[in-house]
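Student: For reference, the chains in residue letters:
There are 2 protein chains.
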Amino acid sequence: MSTAQETAGGEIEPWEEVTPDAARRLLVAAVEAFAERGYHATTTRDIASRAGMSPAALYIHYKTKEELLHRISRIGHDRALDILRTAASGEGSPTQRLAEAVSSFVRWHAGRRTTARVVQYELEALGPDARAEILALRRQVDAEVRGVIEEGVASGEFDVLDVQGTTLAVLSLCIDVARWFNVDGPRTPDEVGALYADLVLRMVGAAK
Amino acid sequence: MSTAQETAGGEIEPWEEVTPDAARRLLVAAVEAFAERGYHATTTRDIASRAGMSPAALYIHYKTKEELLHRISRIGHDRALDILRTAASGEGSPTQRLAEAVSSFVRWHAGRRTTARVVQYELEALGPDARAEILALRRQVDAEVRGVIEEGVASGEFDVLDVQGTTLAVLSLCIDVARWFNVDGPRTPDEVGALYADLVLRMVGAAK
DNA sequence: GCTGAAGGTGAGCGCTCGCTTAGAGTGCCA
DNA sequence: TGGCACTCTAAGCGAGCGCTCACCTTCAGC
Numbered sequence: 001m002s003t004a005q006e007t008a009g010g011e012i013e014p015w016e017e018v019t020p021d022a023a024r025r026l027l028v029a030a031v032e033a034f035a036e037r038g039y040h041a042t043t044t045r046d047i048a049s050r051a052g053m054s055p056a057a058l059y060i061h062y063k064t065k066e067e068l069l070h071r072i073s074r075i076g077h078d079r080a081l082d083i084l085r086t087a088a089s090g091e092g093s094p095t096q097r098l099a100e101a102v103s104s105f106v107r108w109h110a111g112r113r114t115t116a117r118v119v120q121y122e123l124e125a126l127g128p129d130a131r132a133e134i135l136a137l138r139r140q141v142d143a144e145v146r147g148v149i150e151e152g153v154a155s156g157e158f159d160v161l162d163v164q165g166t167t168l169a170v171l172s173l174c175i176d177v178a179r180w181f182n183v184d185g186p187r188t189p190d191e192v193g194a195l196y197a198d199l200v201l202r203m204v205g206a207a208k
Numbered sequence: 001m002s003t004a005q006e007t008a009g010g011e012i013e014p015w016e017e018v019t020p021d022a023a024r025r026l027l028v029a030a031v032e033a034f035a036e037r038g039y040h041a042t043t044t045r046d047i048a049s050r051a052g053m054s055p056a057a058l059y060i061h062y063k064t065k066e067e068l069l070h071r072i073s074r075i076g077h078d079r080a081l082d083i084l085r086t087a088a089s090g091e092g093s094p095t096q097r098l099a100e101a102v103s104s105f106v107r108w109h110a111g112r113r114t115t116a117r118v119v120q121y122e123l124e125a126l127g128p129d130a131r132a133e134i135l136a137l138r139r140q141v142d143a144e145v146r147g148v149i150e151e152g153v154a155s156g157e158f159d160v161l162d163v164q165g166t167t168l169a170v171l172s173l174c175i176d177v178a179r180w181f182n183v184d185g186p187r188t189p190d191e192v193g194a195l196y197a198d199l200v201l202r203m204v205g206a207a208k
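Here the protein sequences line up with chains H and C, keeping their order.
Following the UniProt record's numbering, the numbering of the first sequence begins with 1 at its first residue and continues without gaps.
Following the UniProt record's numbering, the numbering of the second sequence begins with 1 at its first residue and continues without gaps.
Treat the hints with care, since some could be wrong.
Just so you know, same-sequence chains aren't split out, so a pair can sit in one copy or run between any two.
Below are the SDA-like pairs computed for lysine to any residue, each with C-alpha atoms no more than 25 Å apart in a straight line [said to hold, decoys possible]:
1. K63 - E16
2. K63 - R131
3. K63 - R139
4. K65 - R45
5. K65 - S49
6. K65 - D162
7. K65 - R37
8. K65 - E17
9. K65 - A132
10. K63 - E17
11. K63 - A132
12. K65 - T43
13. K65 - E36
14. K63 - I134
15. K65 - H40
16. K63 - H40
17. K63 - R117
18. K63 - Y121
19. K63 - T44
20. K63 - A206
21. K65 - D46
22. K63 - L161
By construction, these hints were calculated from the structure, which means they are not laboratory data.
Note that the structure is predicted; figures quoted are calculated from it, not measured.
Turn these sequences into a full structure, and let the hints guide you.
Tutor: Take a look at the structure:
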């Protein structure tokens with residue numbers, strides 16, 4: 001049995017590590033509000049009322065509004081890094097692992113779009129210390145993707161002129177999904193993941 | 001002689017259409033502030049003081065803070081669309097025109113990063129009417145890129161399974177440049193433009 | 001020299017923000 | 001049953017927000 005709860009849709013709810021229950025409800029409410037309006041446009045009163053609590057209740061579980069963002073960003077980056085690591089260190093050729101990394105990373109950005117939006121676009125609202133901690137995680141994200149591409153180049157499967165530039169472009173493509181993906185749109189997260197994996201394999205010159 | 005002024009760096013300053021001078025200074029100050037901190041985290045006092053004026057002066061030239069964002073977004077989208085139209089309707093094969101479209105669009109996002117950030121990421125701060133107007137421009141942006149890809153498919157130069165999905169991915173790649181590009185980083189806008197044009201041609205299966 | 005339009009300022013209004021405080025309700029254990 | 005720890009609320013503080021208003025300066029036209 002998984003340690004993570006699953007929703008009706010079969011998607012993993014990644015906030016089970018946040019306790020007690022009231023703290024988790026506040027955090028989930030904050031993710032939704034930050035994703036919809038952005039950190040600065042969200043009020044603590046809005047977060048509390050979404051969680052069905054009074055404004056003061058927020059400060060029992062979190063010192064400041066920024067701490068809420070920090071917790072969300074930290075957990076979200078951990079999850080994103082975990083997804084990439086699992087794919088990058090799995091079995092199979094660099095081609096297969098890059099395809100799996102891109103498709104699972106994209107699925108996460110599309111399927112958990114609200115979280116991904118906060119994680120990818122609200123970084124600058126963090127203070128210097130928290131931002132530095134998160135930036136370290138992002139360098140690890142970059143390193144995972146770059147590693148797979150380097151292996152593919154070394155094995156001769158890939159044909160890449162600028163490894164770091166291509167790494168950046170691959171991540172760029174995946175991350176931007178959080179900006180445009182629409183749950184009510186014509187594509188499922190799985191479909192976008194498959195399409196983007198194909199496009200990325202083309203970008204690195206992998207044989208089909 | 002061009003109707004646009006040029007800076008010392010040779011880059012076109014696109015705000016010459018904004019008059020009088022004080023209104024332009026306020027608008028340029030707002031672009032910088034919105035790009036740095038986001039629309040909601042920027043105060044009208046900050047904008048005015050960057051322009052060397054008192055807080056009240058802003059309201060002589062603009063009805064509200066949101067009108068400033070609207071003007072910036074409108075002019076920026078017009079410029080972005082103009083860049084794409086010029087490239088897409090130019091001479092040469094679909095391959096050449098797609099490469100030119102991507103490289104010039106990316107150059108704009110990198111070289112005029114502050115404007116591009118506001119244009120691409122502060123859309124949701126606009127009210128319903130203004131947002132609808134801007135969304136119409138974005139559909140035209142999409143149509144320009146899709147048009148070139150469709151021509152390449154029709155001529156047999158491109159090998160694309162999902163034209164609309166690939167169009168979205170191409171635009172996605174270009175737009176995300178505004179998020180990560182760093183003026184002090186190792187790459188010039190020209191270099192990123194050339195790299196991304198190459199990557200996009202690979203994505204559409206164009207012969208090298 | 002006078003006038004009106006245009007562009008500017010200092011002061012501050014009404015409001016909402018993030019956050020605090022005093023105290024009430026609830027359940028656990030001696 | 002009493003007391004304590006924990007959780008939550010009602011009320012509201014000080015600060016800073018977008019924006020306004022009364023007034024000042026500059027300058028072209030007569």
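Student: Tell me, please, which holds for K63 and Y121 at an alpha-carbon limit of 25 Å: within, between, both or neither?
Tutor: within (22 Å within a copy, 29 Å between copies)
Student: Could you figure out if K65 and E17 sit no more than 25 Å apart (CA to CA) within one copy, between two copies, both or neither?
Tutor: within (19 Å within a copy, 41 Å between copies)
Student: What label fits K63 with L161 when the C-alpha limit is 25 Å: within, between, both, or neither?
Tutor: neither (48 Å within a copy, 51 Å between copies)
Student: Could you place K63 and E17 in one of the four classes (within, between, both, neither) given a Cα distance threshold of 25 Å?
Tutor: So K63 and E17 pass the 25 Å test inside one copy only (18 Å; across, 47 Å).
Student: My question is about K63 and T44: at a cut-off of 25 Å on alpha-carbon distance, are they close within one copy, between copies, both, or neither?
Tutor: Within. Shortest intra-copy distance 12 Å satisfies the 25 Å Cα cut-off; inter-copy 29 Å does not.
Student: As a check of your reading, is K63 near R139 (CA-CA no more than 25 Å) within one copy, between copies, both or neither?
Tutor: Intra 28 Å, inter 43 Å, cutoff 25 Å: neither.
Student: Classify it for me, K63 with A206: is the Cα-Cα distance of at most 25 Å met within a copy, between copies, both or neither?
Tutor: Neither: 49 Å inside a chain and 55 Å across chains, both beyond 25 Å.
Student: Reference check for the pair K63 and R131, CA-CA at most 25 Å: within, between, both, or neither?
Tutor: within (17 Å within a copy, 36 Å between copies)
Student: First find the shortest C-alpha distance between K63 and E16 inside one copy, then the shortest across copies, and answer within, between, both or neither for a cut-off of 25 Å.
Tutor: within (20 Å within a copy, 47 Å between copies)
Student: Between the shortest in-copy and the shortest cross-copy C-alpha distance, which are at most 25 Å for K65 and T43: within, between, both, or neither?
Tutor: both (9 Å within a copy, 19 Å between copies)
Student: With 25 Å as the alpha-carbon cut-off, assign the pair K65 and R45 to within, between, both or neither.
Tutor: Close inside one copy (11 Å) and across copies (24 Å); limit 25 Å.
Student: State whether the alpha carbon distance between K65 and E36 is at most 25 Å within one copy, between copies, both, or neither.
Tutor: both (16 Å within a copy, 20 Å between copies)
Comparing the model with each earlier hint shows violations of hints 3, 6, 20, 22; every other hint is respected.
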